[in-house]
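**Q** Sequence:
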Amino acid sequence: MSNEPLQLDRKKIIDENFIRRVREKDFPKAKSSAELLGCQLSKDLWVDLFESQLLSRQLDFIARDLKESNQSFYTIGSSGHEGNAVLGHYFSLQDTAFLHYRSGAFMVQRSKKDPQNNFIRDCLLSLMASEKDPISAGRHKIWGSVALNIPPQTSTIASHLPKALGYAYSTILDRGRHLDEVKTPVVICSFGDASFNHSTSQGAFNGAQYLAYCNVPLPLIFVCEDNGIGISVPTPGNWIEDNVKGRTHLHYVVADGLNMADVYRACAEAEHFARAKQQPVFMHLKTVRLMGHAGSDIESVYRRREDILLTEADDPLLHSARLLIEAGYLTTQEILHRYQRIHDEVGLEAKALVGQKSLDSVAAIKQSLYQTERDTVPPSLPSENIREKCFAGAYKNITSKRTLAQQINSALTDLMLQYDSIVVYGEDVGVKGGVYHVTADLQKRFGQGRVIDSFLDETSLLGMAIGMGMQKRIPIPEIQFLAYTHNAIDQLRGEAATLSFFSNGQYQNPMVIRIASLAYQKGFGGHFHNENAIAFLREIPGIIVACPSNGSDAAKMLRRCVEQAHCYGRVVVFLEPIALYSAKDLHSPGDGLWLGDYPDPDEKVALNEVGLFGEGEDLLIISYGNGYYLSRQAEQILKNEHGVACTVMDLRWLAPLAMDAILKVAANFEKVLIVDECRKTGSISEELYTRLIEESERSISIKRLTAEDCFITLGKSWQHLLPSREAIVREALGLI
1 MSNEPLQLDR
11 KKIIDENFIR
21 RVREKDFPKA
31 KSSAELLGCQ
41 LSKDLWVDLF
51 ESQLLSRQLD
61 FIARDLKESN
71 QSFYTIGSSG
81 HEGNAVLGHY
91 FSLQDTAFLH
101 YRSGAFMVQR
111 SKKDPQNNFI
121 RDCLLSLMAS
131 EKDPISAGRH
141 KIWGSVALNI
151 PPQTSTIASH
161 LPKALGYAYS
171 TILDRGRHLD
181 EVKTPVVICS
191 FGDASFNHST
201 SQGAFNGAQY
211 LAYCNVPLPL
221 IFVCEDNGIG
231 ISVPTPGNWI
241 EDNVKGRTHL
251 HYVVADGLNM
261 ADVYRACAEA
271 EHFARAKQQP
281 VFMHLKTVRL
291 MGHAGSDIES
301 VYRRREDILL
311 TEADDPLLHS
321 ARLLIEAGYL
331 TTQEILHRYQ
341 RIHDEVGLEA
351 KALVGQKSLD
361 SVAAIKQSLY
371 QTERDTVPPS
381 LPSENIREKC
391 FAGAYKNITS
401 KRTLAQQINS
411 ALTDLMLQYD
421 SIVVYGEDVG
431 VKGGVYHVTA
441 DLQKRFGQGR
451 VIDSFLDETS
461 LLGMAIGMGM
471 QKRIPIPEIQ
481 FLAYTHNAID
491 QLRGEAATLS
501 FFSNGQYQNP
511 MVIRIASLAY
521 QKGFGGHFHN
531 ENAIAFLREI
541 PGIIVACPSN
551 GSDAAKMLRR
561 CVEQAHCYGR
571 VVVFLEPIAL
581 YSAKDLHSPG
591 DGLWLGDYPD
601 PDEKVALNEV
611 GLFGEGEDLL
621 IISYGNGYYL
631 SRQAEQILKN
641 EHGVACTVMD
651 LRWLAPLAMD
661 AILKVAANFE
671 KVLIVDECRK
681 TGSISEELYT
691 RLIEESERSI
701 SIKRLTAEDC
711 FITLGKSWQH
721 LLPSREAIVR
731 EALGLI
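Using my numbering, read the sequence shown as starting at 1 and increasing by one per residue.
Don't take every hint at face value.
Derived pair list, reagent style DSS-like, types lysine-lysine, alpha-carbon separation capped at 27 Å [to be verified]:
#: 1; residue 1: Lys132; residue 2: Lys112
#: 2; residue 1: Lys680; residue 2: Lys664
#: 3; residue 1: Lys522; residue 2: Lys680
#: 4; residue 1: Lys132; residue 2: Lys357
#: 5; residue 1: Lys113; residue 2: Lys132
Computed Cβ-Cβ distance ranges for the label pairs, DEER-style [to be verified]:
#: 6; residue 1: Thr248; residue 2: Asp709; range: 44 to 50 Å
#: 7; residue 1: Asp48; residue 2: Ala363; range: 42 to 48 Å
#: 8; residue 1: Asp585; residue 2: Gly715; range: 53 to 59 Å
#: 9; residue 1: Lys351; residue 2: Glu306; range: 34 to 40 Å
#: 10; residue 1: Asn70; residue 2: Asp48; range: 42 to 48 Å
#: 11; residue 1: Asn118; residue 2: Glu539; range: 34 to 40 Å
#: 12; residue 1: Ile365; residue 2: Pro234; range: 34 to 40 Å
#: 13; residue 1: Asp344; residue 2: Glu241; range: 19 to 25 Å
#: 14; residue 1: Thr248; residue 2: Asp15; range: 43 to 49 Å
#: 15; residue 1: Asp709; residue 2: Gly347; range: 57 to 63 Å
Since the hints were derived computationally from the structure, they do not count as laboratory data. Yeah, the Cβ is synthetic: ideal placement off N, Cα and C, and Gly gets one too.
Take these sequences, add in the hints, and give me the full structure.
**A** Shown next, in the form of C-alpha cells:
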C-alpha cells in the first residue's frame, strides 16, 4: 500500500469510494454465506432496508457538513453500523427499544412504521439542537420517539442496560408465565463492544441470567454492535464471543453485521428465544466503525493507515449493494440513483432548516426537569373493611402509639392498598421483612408479585426501578444502607433524573427509593452502616429528597412522596434514619415521647411544609433526622437549665428545601443555629447558611454545628465525630 499520508476528510473518501466501487462492481468479499434470496422477504423490503441504510449514511455526512458552519452540534455517527436497519424492520412498534448512539439506520427503518413521521426533518432538528426537536426540544442529540416506542438514551457507558432489564421484567410481572408467544412484546437494548466491559453492563447481564436461572420470564434482547474499537482502544480479537458464548441462561446469537441477510437470520433466532420462550438473548453483531468515533476524532493519530483503509473497504453499504445485485433486485445504476436522490433529499431538508432557534431561557430549559401539571389523581382510599382484612391481627394496634419503623410499615400497607401499581422490592424485604423489619408482613399481605426479594446489586435495583416506573408502576425499592447507594448513583443521576428532561417531559420513571440512612447506630458501627453524606443526592436536578425524623411525619411524608410519583412522575429518595427506627423515648427512659399516633390515611405533609416545635424567640434551631431528635433534647435543657427559649425546625424535605417556609420562620429570629449531622463539607448547612444570609430581609447571626469531615468509626469513638445533645447546648449558649 502507498505510504502517502491519509486525507483527513474521510467522509469525502468514503463517499467517493462507494460511488466508484459500485460503478465498477468492486465489492468487498462476503464474510458470511447468507443471501437475500434465502430469507422470506420481498424484493421491495430488501430495497427499502437498503434505502434506510443510505439515509442513515447521508445523515452522518450532513451532520459533519453542518458542523463546519456551526449549524450542527453532534457528529457521532452510525456509519459502519447500518446493518441495524434490519432490526428496525424485524421488531414491531410494540417492542420497546433502548438504543445506543450508533442506531441511525434502526431509527430510519422503524420510523417507516409511523406514516406521520418525517425522520429526516426530526433528525436534523436534533442535530441542530432546535427547540422544535420532537424528542428533547434541543436539550441533547439523542435517538428517541414516543410514537416509535424508543425512550431516549444519553448513555455512552451502558448505563441504560439495567433499566432495559427492569423494563423487560416489568413487562411480564403481572402477566403470569403463560404469555402469548406471538403478542408478547420484547425489549431490545443495544450498546457497543467498549461499553460491554463496563461494570454496569456486566451487572445487567448477570441480572438477566439470574432471573432466567430462577425461571422468571424475561423477553429481553441485548444487542452488542461490535465494531472492534472503543474510541482508540481496540477490543481484543474474539473477546466478546469468548466471554459471552458459554454463559449460562443467556442465549448467544452471532451475526455478520455487514450482511443484511445474516442479520435477518439472527433476528429470527433471537426472537424465538426472547418472544416465544421468554428468555434473555445476547445478540452479537460484528460491524465496523467508519469516520472515527466522532467528527473531531482523527483516527490516523492512533490507527495504522492500512487498518483504516481495510475498515473502509468493508463498508456495509458496499456489502448491501453486492447482495442486491447478486439477487437481481437492483442494478448498479439504480443503486447510484438512489444514493444521489437520498443525498439530495437530505441536503434540501437541511438547507430549509438552517438557522434553527434553540431554547433561550432558563425557564424553558428547566421546564422538563419534572412535571408541574399532574397526569392523574390519586386512587380512592381503601375502605375500613378492606384495611381491617389486610392488616389482620395488626389492625387493632394501628391506633396505638408506634415507632418510626412501625409507622412506615403501616403507611406502606395503606399505600399498597390504595395504589395497586406499587411494587416493593429489595434484598430481604420479603420473608425477612427487611433488615430493620420495616417491610414485615408485606409479602404475606400482598404476595410475592408485589413484594419481591431481589438479588444484591444496587445498580440493578435502581435500574429495575427505572424500567418499572416507565411501565406505569410505582416501584419502591429498598436499599439497605445509604453507603450502598454510592456505587449505583449513575442510575439515579444519569438515567432516572434525566429521562423527563431529555424527553421534554414525554417520558417519566416515577419511583420512591427507600434508603436506611444516616449515622448514630449504637450497636452496628462503621462507615458503611453509618453513612452521613447526602450531597451526592441533593445535587441531582429535579429529584425530591425526604427525611422524616418521627413516625407520624414518616407516614404523612411517604404518602406525599407516592402521590408525587403517581401524579407527577417524580423521582423521590426517602431517607429513613436508622437510629430512630425503634426510638421510643426522648428525654428519659420510658417517657414514650418519640412514639406517635398513626395519622389518618388521607393526611399528608406538603412539600413546602416544615415541622416546628416550641414558640421560643431567643433562638431558632434548624435540623432534620437525628439532628432534630437531638435538638429537641437540647431545647428542653436550654429552657429548663439556662432559661433560653428556642423554636426547633424540622426541615423534612432536604431537596428541594422548603425555602419560603424556612425564611418565613427565620424572619422572626436574630440568631439561628443549624445542626447538620452530615459532614461539614458538602452538607445542607452550607446551602442553608448561604441562603439565609442572601435572602433574609434582616441581619441574622448564624452558627453551624456539623459532623466532622471524616468517616464514621467503629466502637464508641464515632461520638467524637457527630453533633451531640451537649454540643448543641454548648453552641446555642455561645450564640446567645
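**Q** If a hint holds in the structure, say so; if it doesn't, say that too.
**A** Hint-by-hint comparison with the structure:
Pair hint Lys132 plus Lys112 holds up; C-alpha atoms about 20 Å apart against a cutoff of 27 Å. Restraint check for Lys680 and Lys664: satisfied, since their Cα atoms lie roughly 25 Å apart, inside the 27 Å limit. Distance check on the hinted pair: Lys522 and Lys680 sit about 22 Å apart at the alpha-carbon level, within 27 Å; holds. For the given pair, Lys132 sits about 8 Å from Lys357 by alpha-carbon distance, which is consistent with the 27 Å threshold.
Under the criterion of a C-alpha separation no larger than 27 Å, the hint pairing Lys113 with Lys132 is consistent with the structure, at around 22 Å. Evaluation of the 44 to 50 Å hint for Thr248 and Asp709 yields a pass: the beta carbon distance comes to about 46 Å. Checked against the hint of 42 to 48 Å, the pair Asp48 and Ala363 passes, with Cβ atoms roughly 43 Å apart. Judged by the Cβ atoms, the range 53 to 59 Å given for Asp585 and Gly715 is violated: they are separated by roughly 24 Å.
For the pair Lys351 and Glu306, the supplied restraint of 34 to 40 Å holds, since their beta-carbon distance comes to about 38 Å. For the hinted restraint 42 to 48 Å between Asn70 and Asp48, the CB-CB distance of approximately 35 Å leaves it violated. The hinted window of 34 to 40 Å between Asn118 and Glu539 holds, with their beta carbons roughly 38 Å apart. Between Ile365 and Pro234 the C-beta distance comes to about 39 Å, which sits within the given range of 34 to 40 Å.
Remark: the range hint 19 to 25 Å for Asp344 to Glu241 is contradicted by a beta-carbon distance near 41 Å. The hinted window of 43 to 49 Å between Thr248 and Asp15 holds, with their beta carbons roughly 46 Å apart. One distance hint, 57 to 63 Å for the beta-carbon pair Asp709 and Gly347, holds here, with the actual separation near 58 Å.
The structure is inconsistent with the numbered hints 8, 10, 13, although it conforms to all the rest.
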